[in-house]
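> Sequence:
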Amino acid sequence: MKIATWNVNSLKVRLPHLLGWLEAYSPDVMCLQETKLPDERFPVMVMKEAGYEAVWSGQNTYNGVAILSRNALSNVSMGIPGFADEQKRVLAATVGTIRIVCIYVPNGQDPGSDKFSYKLAWLEALTAYVRAELALYPKLVLLGDFNIAPEDRDVHDPAALTGQILVSPPERDAFKKLIQLGFNDSFRIFTQEPGQYSWWDYRMNAFRRNMGLRIDHILVSREVKSMASGCMIDRKARAQQQPSDHAPVMLYLASD
DNA sequence: ATGGCGGCTCGCAGCCGA
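Residues in the first sequence are numbered consecutively from 1, following my numbering.
It cannot be assumed that every hint is accurate.
Under the rule of at most 30 Å between Cα atoms (straight-line distance), these lysine-lysine pairs were calculated in the BS3-like manner [what the hints assert, rightly or not]:
id, residue 1, residue 2
1, Lys115, Lys48
2, Lys225, Lys236
3, Lys48, Lys176
4, Lys48, Lys36
5, Lys236, Lys12
6, Lys2, Lys176
If you're looking for bench data, these hints aren't it; they were derived computationally from the structure. Since the structure is predicted, the reported quantities are computational estimates derived from the model, not experimental observations.
With the sequences and hints as input, model every part of the structure.
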């Protein structure tokens with residue numbers, strides 16, 4: 001079984017990229033972030049023709065998440081229960097025996113800003129929600145755009161970015177609290193090297209110079225970790241024409 | 001890395017992302 005995530009930065013613009021990637025890699029489950037589409041414009045028929053059932057939670061201009069699956073999706077849940085939020089950032093569903101929680105964590109703009117406070121409050125609410133989900137569904141995969149680079153080896157220039165957004169200690173502490181619920185960062189089960197990124201700024205030729213950050217993650221619960229056989233970041237997708245600034249990340253499970 | 005690019009909007013300049 002293959003479970004992937006990709007911040008597409010506009011599903012409208014990136015639909016051809018997505019369809020090509022689904023064709024090339026045939027993930028069983030694909031989680032999307034930043035669809036930037038209101039629900040009535042989600043391309044459900046195109047997904048069906050590509051062989052995927054879909055659930056989605058979107059809005060105009062910003063945010064928006066979706067889960068595509070070759071097999072049936074059930075027990076669909078939108079948002080963080082009990083946490084009022086206009087922004088469409090969370091979507092959960094069950095596929096077979098696996099619970100999928102697809103997230104788009106707020107960017108946070110700058111430490112000290114209102115958006116940063118929102119990011120931390122959002123992460124605290126998410127952590128409580130995921131703790132409860134894990135109790136219900138021991139086989140849980142929490143994946144998406146976390147907008148946090150967990151360690152210095154996930155950052156091209158840790159010294160220059162110390163304390164800044166995506167790497168600041170409060171954000172990394174929030175990430176650790178999620179991990180401590182009983183997760184593993186699946187990419188780091190298999191790969192220890194630095195310089196492995198999932199996002200590169202459109203500016204400054206950042207991709208060509210590999211000035212990136214690893215901020216898109218697939219966290220696996222203990223019961224899923226025992227099935228995991230690999231995790232890859234497809235940086236080739238970032239080298240395409242008119243790419244998303246994020247690369248897809250995919251988890252391989254030996255069984256389900 | 002004070003910007004740079006790219007996507008968005010009842011656009012024509014400004015906001016936001018990361």
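> Hints first: check each against the structure and report whether it holds.
Each hint, compared with the structure:
Only pairs whose Cα atoms come within 30 Å are accepted, and Lys115 paired with Lys48 is rejected, the gap being roughly 36 Å. For the proposed pair Lys225 and Lys236, the alpha carbon gap of about 26 Å is at most 30 Å, so the pair holds. Taken as a hint, the Lys48 and Lys176 pair is broken in the structure, with Cα atoms around 37 Å apart against an allowance of 30 Å. Annotation: proposed proximity of Lys48 to Lys36 holds, straight-line Cα distance about 20 Å (limit 30 Å).
A C-alpha spacing of about 20 Å is found between Lys236 and Lys12, which places the hinted pair at or below 30 Å, so the restraint holds. The suggested pairing of Lys2 with Lys176 holds, with an alpha-carbon distance near 25 Å, which does not exceed 30 Å.
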